[in-house]
Amino acid sequence: MAKEIKSKWNGFSLKPRKEMPDGLWMRCPACEHILYKSTVEKNLNVCPKCNHHFRIEAATRIKYLADEGSFQQVLGDLTTDDPLGFKFRETTYKQRLKADEKKSGTKEAMLIGKAFIKGRPVILAVMEPNFLMGSMGSVVGEKLCAAVDKAMEEKLPLVAVSCSGGARMHEGVVSLGQMAKTSAVLAKFDEVGGLYICVLTDPTTGGVTASFAMLGDCLIAEPGALIGFAGPRTIAETIKVELPKGFQTAEFMLEHGFMDMIVHRKDLRSEIARLIDYCQK
Amino acid sequence: MAKRDIPIAKMPGNNNNFSGGAHLEFEDKVADLDRQMNELRRLSSIKGIDYSAEIRQLRRQQVAELKRIYSNLTAWQTVQVARHPQRPLLSDYLDLMVKDFRELHGDRCFGDDRAIVTGFGHIGRERVLVVGQNKGKNTKQKIACNFGCPNPEGYRKALAKMKFAEKFGIPIVTLIDTPGAHPGIGAEERGQAQAIAVNLNQMSRLRVPIICIVIGEGGSGGALGIGVGDRLAILEFAYYSVISPEGCAAILWRDGSQAPKAAEALKLTSKDLYKLELVDAVIPEPLGGAHRNVHDTIYNVEKYIVKTLRDLKRTKIDNLLDNRYSKLRSIGASPTEKLRRKTQAAKERVKAALEAMPTKPKRVPAKV
Ligand SMILES: [Zn+2]
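These protein sequences, in sequence, are chains A and B.
Under our numbering, the first residue of the first sequence is numbered 1, with each subsequent residue one higher.
Under our numbering, the first residue of the second sequence is numbered 1, with each subsequent residue one higher.
Among these hints, one or two may not hold up.
[Stated by the list, open to error] Pairwise CB distance ranges, derived in the manner of DEER restraints: (1) A:E154 - B:K316: 28 to 38 Å; (2) B:R341 - A:Q280: 31 to 41 Å; (3) A:L44 - B:R341: 33 to 43 Å; (4) B:A160 - A:V192: 49 to 59 Å; (5) A:V192 - B:E337: 21 to 31 Å; (6) A:V241 - B:E337: 42 to 52 Å; (7) B:Q344 - A:V192: 31 to 41 Å; (8) B:V306 - A:E90: 31 to 41 Å.
These are calculated hints, taken from the structure and not from any lab test.
Glycine included, C-beta positions come from ideal geometry on N, C-alpha and C.
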């Protein structure tokens with residue numbers, strides 16, 4: 001009972017936070033500490049109190065992962081031509097794309113390009129969670145395949161960072177097909193002996209997990225990331241059972257044998273560089 | 001497994017069972033005509049009056065009505081036909097289409113998922129590996145099959161048997177009919193996503209012809225998990241979608257009851273998918289849907305498989321794999337992009353052929 005009151009009180013205390021100078025303070029959803037935003041940012045967007053890894057946008061991810069200024073984007077202007085002419089409620093898919101382009105500052109839910117990680121050249125593919133929940137449509141699929149093609153051509157390792165709610169509904173079976181497409185291209189990459197490292201970040205679910213995110217030679221997860229096939233809410237609604245604590249987290253996936261390692265955000269660069277060195281031919 | 005009752009057998013001399021069991025909500029008039037016909041039949045048997053002319057007349061009306069309804073089904077109505085309780089299921093195909101079926105059980109790792117059935121058999125004269133999703137006919141079977149929602153072990157079993165078939169050059173036929181892969185605690189613990197991902201990955205490189213056919217529901221990743229191959233066909237009133245219409249409505253319309261609108265928007269019918277070049281062929285269903293004539297439906301599917309297998313077996317396996325790869329690689333590419341790729345591929349082929357040709361010695365003019 002006491003706990004309930006406390007959480008209610010905390011919920012109440014959320015309100016005055018909005019009156020604080022905008023963007024100075026933030027609250028950690030895991031440990032509920034009020035944190036100074038610039039401290040968190042200096043700490044790679046990880047909560048200094050409890051190590052909660054905040055979701056970060058693609059540009060920030062690239063900044064943390066690649067050597068400074070080394071990322072050279074390709075196919076940055078690729079956009080979808082809305083294959084289904086999708087409309088829902090009073091909006092259209094095209095309007096939604098425009099709105100999310102403004103919100104995220106990118107034209108699609110994935111950025112690809114060549115970069116260096118601690119001096120090692122790689123092809124980097126990073127997903128953008130603020131663009132339609134990082135969902136995979138035809139452009140994301142095409143970009144990932146283009147990244148694989150480039151990695152094959154230049155004989156470089158491929159590093160992908162997944163962060164996605166799954167296949168994009170607005171493109172229907174075209175999105176579903178991207179799962180088959182990316183998996184097929186990665187099968188070829190595997191055949192020619194390319195190294196593919198996938199970093200699974202919060203959240204990686206649905207069609208992205210069930211395709212390229214699970215096909216890495218090496219799978220790295222960020223601590224606490226939600227990783228799974230069906231969303232936790234769908235599962236809870238379908239089987240009508242309360243889900244166990246820690247279900248579908250990175251730690252859960254490691255325990256069940258589906259991850260190679262869980263790596264703190266501050267160590268990602270060095271771990272990836274080390275793996276690349278190990279896999280040198 | 002209980003012996004299946006064949007609706008046709010109940011009506012000797014009549015090839016069409018138009019009543020088709022339970023009527024769907026948009027078939028009011030058809031149901032009404034059925035009631036009238038039954039009434040006349042009952043009267044004629046009681047009073048001994050011959051109503052056959054009237055019955056024939058009603059039957060003609062019913063045929064016209066079915067034609068009218070089924071030539072203009074909405075997306076949501078199509079979904080209902082695809083989910084019809086009497087629609088032929090995998091077990092019907094195994095009984096009527098696959099000769100000498102030898103089921104192969106188990107994924108050699110965890111268990112034997114009943115939602116996916118695998119085994120060797122003959123279709124026409126071809127020996128094949130059949131991989132299919134089964135929903136079950138009665139409550140007991142439905143529970144055993146988990147209502148056609150496979151668990152990871154089902155996908156792993158499918159892949160294990162496909163590799164077995166690959167080793168001996170046996171073509172693969174997959175029959176897709178699932179609402180989706182099972183969302184459950186155990187399924188996540190055993191890696192549902194990983195199992196599907198590996199299937200997509202491996203099926204793209206299997207060195208035997210693969211034909212995939214959606215016979216009922218093509219539910220998202222759960223369907224795709226056995227749905228990567230050289231040809232993807234779909235029955236006329238089956239559907240194939242990235243998400244169930246109900247799920248899509250719940251997310252985008254924030255209201256599950258808007259499923260009809262979501263179904264329309266998702267372009268999940270065979271007609272739409274064919275127009276979008278996402279399926280290679282649409283297999284016609286008999287008048288009024290597969291559930292009204294199981295035999296004809298399965299015969300159409302068999303005809304498609306036999307013909308397509310013949311075509312695919314003519315292609316050299318390396319070319320088959322190249323074609324499969326470029327087909328997968330171009331999913332979602334715009335028409336101009338597809339054309340560009342085709343031209344590029346053709347150019348490369350010509351170049352390779354020219355390079356492979358032995359260089360002719362230069363002709364030296366004969367000295368006089
Ligand atoms: Zn915290």
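Hint-by-hint comparison with the structure:
| no. | hint | verdict |
| --- | --- | --- |
| 1 | A:E154 - B:K316: 28 to 38 Å | 31 Å, holds |
| 2 | B:R341 - A:Q280: 31 to 41 Å | 33 Å, holds |
| 3 | A:L44 - B:R341: 33 to 43 Å | 41 Å, holds |
| 4 | B:A160 - A:V192: 49 to 59 Å | 25 Å, violated |
| 5 | A:V192 - B:E337: 21 to 31 Å | 24 Å, holds |
| 6 | A:V241 - B:E337: 42 to 52 Å | 46 Å, holds |
| 7 | B:Q344 - A:V192: 31 to 41 Å | 19 Å, violated |
| 8 | B:V306 - A:E90: 31 to 41 Å | 49 Å, violated |
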